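Visitor: Each chain is listed here by its residues.
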Amino acid sequence: MNKYILSKKLYRNELATFYSFLIGFLIALAVGSLILFIQEKNPFDVFSLMLKLSIGSVNSLSNSLNKAIPLILAGLGISIINSVKLWNIGAEGQIFMGAIALNFVYINTSINNSQIYILLLLVSGFLGGAFCILFPAITKVLFGVNEIITTLLTNYIVFGLTIYLINGAWKDPASLNFPAAAYVSESVYLPTVLGKLSSGFLICILFTLIAYYIKDKSVFGYEMRIAGGSELTAIYAGISAKQKAFFAMLIGGGFAGLAGAIELLSQTHRVSTGISQGFGYTAIIVAAITGMRPIGIFLVGCLFGALTIGGSVIQTIGVSSYIAEIIQATTLFGALVAQFFFSYEILKKDEND
Amino acid sequence: MSSPILEVKGVSKTFGNVKALDSVDFFLQKGIVHGLLGENGAGKSSLMNVLSGIYLPESGTIKIKNQNIQKMNPDIASSFGVGMVHQEFRLIESFTIKDNLTLSKANIFSDNFEEAYEKYSEIFTLNSSYLTPINELSVGEKQKVEIMKLIFKNSEIMLLDEPTAVLTPQETLQLKESLDKLSQEDDKTIVLITHKLKEIKDFTERIFVMKNGKMVAKNLETKKVTDQELIELMMGEVRTSNFKKDNKKGDVKLEVKDISLTNSEQFKSLEDISFTIQSGEILGVAGVSGNGQVELANVICGIEKEFQGRVLINSQDVSKKGVKSRKKLSLSYIPENRLGVGLAPGVSVLDNSAIKEYFKASYGPHLSKGKMLGYLNDLIKQFAIKAPDVKAEISTLSGGNMQKLLMGRELISNPEVIVAAQPTRGLDVSAVEAIHKLIINQRDKGSAVLLISEDLDELFKLSDRIIVLYEGKVVKEVGIDSATIETIGYAMAGINE
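Residue numbers (my numbering), protein chains in the order written: chain A, 104 to 456; chain B, 27 to 523.
Everything labelled a hint here was simulated from the structure, so no lab data went into it. Fair warning: this is a prediction, and the values are worked out from it, not measured in the lab. Each statement offered as a hint is correct.
Taking lysine-lysine pairs in the PhoX-like style, the calculated list, with each CA pair at most 25 Å apart, reads:
1. LYS395(B) to LYS320(A)
2. LYS249(B) to LYS237(B)
3. LYS417(B) to LYS188(A)
4. LYS270(B) to LYS463(B)
5. LYS347(B) to LYS345(A)
6. LYS202(B) to LYS145(B)
7. LYS412(B) to LYS111(A)
8. LYS331(B) to LYS345(A)
9. LYS350(B) to LYS188(A)
10. LYS320(A) to LYS354(B)
11. LYS250(B) to LYS237(B)
12. LYS354(B) to LYS345(A)
13. LYS89(B) to LYS244(B)
14. LYS112(A) to LYS417(B)
15. LYS155(A) to LYS299(A)
16. LYS320(A) to LYS397(B)
17. LYS131(B) to LYS179(B)
18. LYS124(B) to LYS202(B)
19. LYS144(A) to LYS155(A)
20. LYS320(A) to LYS386(B)
21. LYS386(B) to LYS345(A)
22. LYS35(B) to LYS244(B)
23. LYS320(A) to LYS350(B)
24. LYS168(B) to LYS145(B)
25. LYS417(B) to LYS111(A)
26. LYS112(A) to LYS412(B)
27. LYS345(A) to LYS346(B)
28. LYS345(A) to LYS350(B)
29. LYS179(B) to LYS145(B)
30. LYS320(A) to LYS345(A)
31. LYS188(A) to LYS395(B)
32. LYS56(B) to LYS89(B)
33. LYS131(B) to LYS168(B)
34. LYS417(B) to LYS320(A)
35. LYS347(B) to LYS283(B)
36. LYS224(B) to LYS294(B)
37. LYS240(B) to LYS97(B)
38. LYS294(B) to LYS168(B)
Using the sequences provided together with the hints, build the complete structure.
Guide: Take a look at the structure:
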């Protein structure tokens with residue numbers, strides 16, 4: 104009798120992650136087409152319209168890239184935390200916390216030099232994100248509490264805090280029935296660089312390079328890899344696995360917090376529930392698709408930003424914007440299944456082996 | 027003699043290139059306690075796994091209660107009344123004793139559980155209500171529940187794999203009494219697997235001995251066999267050394283003074299250990315695994331910090347120092363657990379090759395890949411490591427090459443003190459030879475070597491002196507010239523001459 108067993112491939116194709124993404128994306132387009140077909144729309148028309156309205160002009164392209172900023176930054180944070188094989192599901196909360204921390208500093212300080220002020224506000228956003236993941240990090244390191252649960256739960260806490268603040272202490276009377284905090288002064292808006300493209304995108308490029316450096320070229324990244332591979336090996340090597348996990352989490356949280364700060368300073372200009380539209384969750388998809396590689400996160404983040412913009416504009420021709428989310432989610436699903444087949448092979452095995 | 031309740035003939039089982047069982051014969055008489063003796067890796071557990079249907083042998087016949095069994099599996103074994111207690115408990119921790127005992131579909135006491143529980147908890151001197159959850163029991167009590175589980179599913183043939191390893195001396199005595207009662211009153215057939223001589227003599231009526239996958243002695247009568255005979259059977263012949271022992275010794279490089287280690291359950295895993303090793307000397311540490319070897323290595327290398335006593339490297343007290351500063355004082359550690367401690371699984375060959383001295387490839391926070399690669403290429407050349415793709419995961423290397431990478435990484439800097447634990451375990455003959463040459467070569471360069479091994483051949487071949495660890499104590503220390511297999515074997519088994 105023959106048995107079939109799954110065996111991990113020893114050697115993986117260097118480009119396996121890229122191919123997996125392509126396969127996933129093609130499957131997603133096929134699924135999207137099928138749904139559009141059922142709705143009696145011509146998939147080709149819809150997709151070409153999406154393409155045109157998301158990257159067809161300087162304006163639409165800058166809209167798409169603006170949407171990509173929070174996805175990329177939060178995704179980078181997730182990938183840094185994953186270096187020690189931990190999962191950050193709390194990027195959404197960290198984004199909000201970044202914006203809240205920024206607003207807190209903004210209300211309580213005043214600096215005339217707007218460039219220095221913007222820098223200070225961005226730093227407070229980063230620290231806010233790090234603060235948000237502080238408690239999951241402490242409970243993980245001291246008591247081994249599963250970080251997936253704690254980071255997920257902090258999302259709800261921070262969202263509740265946001266609602267409380269914009270309905271209470273920070274409520275802007277001028278915003279009437281729509282609960283939101285007061286707008287920040289125009290002097291601290293992030294300037295645009297090209298069309299509507301926010302200079303936050305440049306920060307985003309810089310942080311992509313920083314994340315790449317931390318993960319691939321630094322001593323800290325090396326120590327995180329060893330700690331992520333085996334805690335016992337880390338102890339044997341004199342590396343504190345707990346310390347690495349702690350700092351990886353804080354840095355990763357900070358990246359997402361920075362995303363919230365940039366979103367506030369360039370898009371919403373105030374704390375409201377609109378700071379994030381699920382960017383923190385989509386960022387998990389972006390990071391997972393790319394196998395946690397910073398450059399890949401940057402590229403897929405841009406694509407997903409364009410998809411989001413494309414999805415929102417096709418509503419004008421009566422197609423639901425959910426088609427974009429379906430494509431994003433199916434890409435992840437297809438890519439993960441493809442990655443599985445790149446990493447494992449099915450072998451026929453004689454039972455007596 | 028009546029015909030055996032269980033009979034195994036010519037059973038063989040191979041894993042890869044290793045013959046775990048080599049045409050083994052084995053038989054059991056109803057109602058008595060049998061002992062199965064052998065060193066670690068002799069094939070005892072493999073044989074038991076065949077009997078309980080977990081491994082399917084390549085050849086041989088199994089006969090239980092005069093019935094030939096064609097294709098054994100756990101269900102068939104269970105229906106023929108074969109039950110096994112594994113070394114790792116298989117209890118559901120959050121369930122009560124009762125739930126665990128009655129979980130099996132073969133449970134025979136579903137109607138009169140309380141009566142049966144009363145009877146057997148008395149036999150096992152288990153003083154807990156059956157409503158107690160397992161996680162509130164001590165290790166010894168869990169062991170009792172494990173054995174009772176076999177009774178509750180009506181196992182007539184009970185295979186106990188190293189049941190005393192986790193027990194205190196009192197609990198061991200209690201276990202002996204319980205097993206005696208079970209064999210006499212309930213007519214149970216019991217197999218006790220162990221490598222402890224004293225227990226096999228105390229517990230059993232008949233003894234089988236295994237070595238290197240072969241059954242070397244069958245059905246010996248316990249009362250008539252001497253300790254010395256058993257040790258010779260278990261350890262076999264030791265080949266004489268083929269390395270010259272005319273090495274020059276120098277200053278004391280490693281000194282260990284009055285080391286004691288108490289774990290969280292107040293169990294002393296190390297007690298008053300002292301020794302010195304000179305430059306150019308190999309001190310062998312013999313002992314059955316689990317007698318404090320891992321703990322000793324961890325204390326010396328700075329991984330275990332909560333110990334009493336002192337560790338000196340080059341006359342410098344390092345007792346309070348961490349792993350990295352000890353490494354800077356020229357200490358290398360080759361841990362017993364190759365993949366998982368010495369090497370990080372899932373991480374590349376390149377990253378693993380730098381674990382000892384990655385800080386030498388760094389400039390501030392920057393880590394130079396070029397320097398790491400250069401260092402790895404030196405290792406690959408000097409230690410003849412076959413590594414086809416250095417960016418691939420470490421598990422792409424064979425066991426021998428992994429160990430060469432690990433040894434090379436720890437030895438290339440020519441350390442003054444080396445702690446090597448089980449450096450050749452699981453390797454094939456040529457790899458073993460290569461590793462032995464590396465150790466001797468390092469000795470001749472003037473390193474002080476602490477060699478922890480369960481393989482007596484290896485210890486006799488390489489060591490200049492041997493100490494024996496038993497239950498965390500040094501029970502014997504001899505120079506290699508006056509060491510004999512018997513004296514070491516006795517000490518390993520915890521017998522004072």
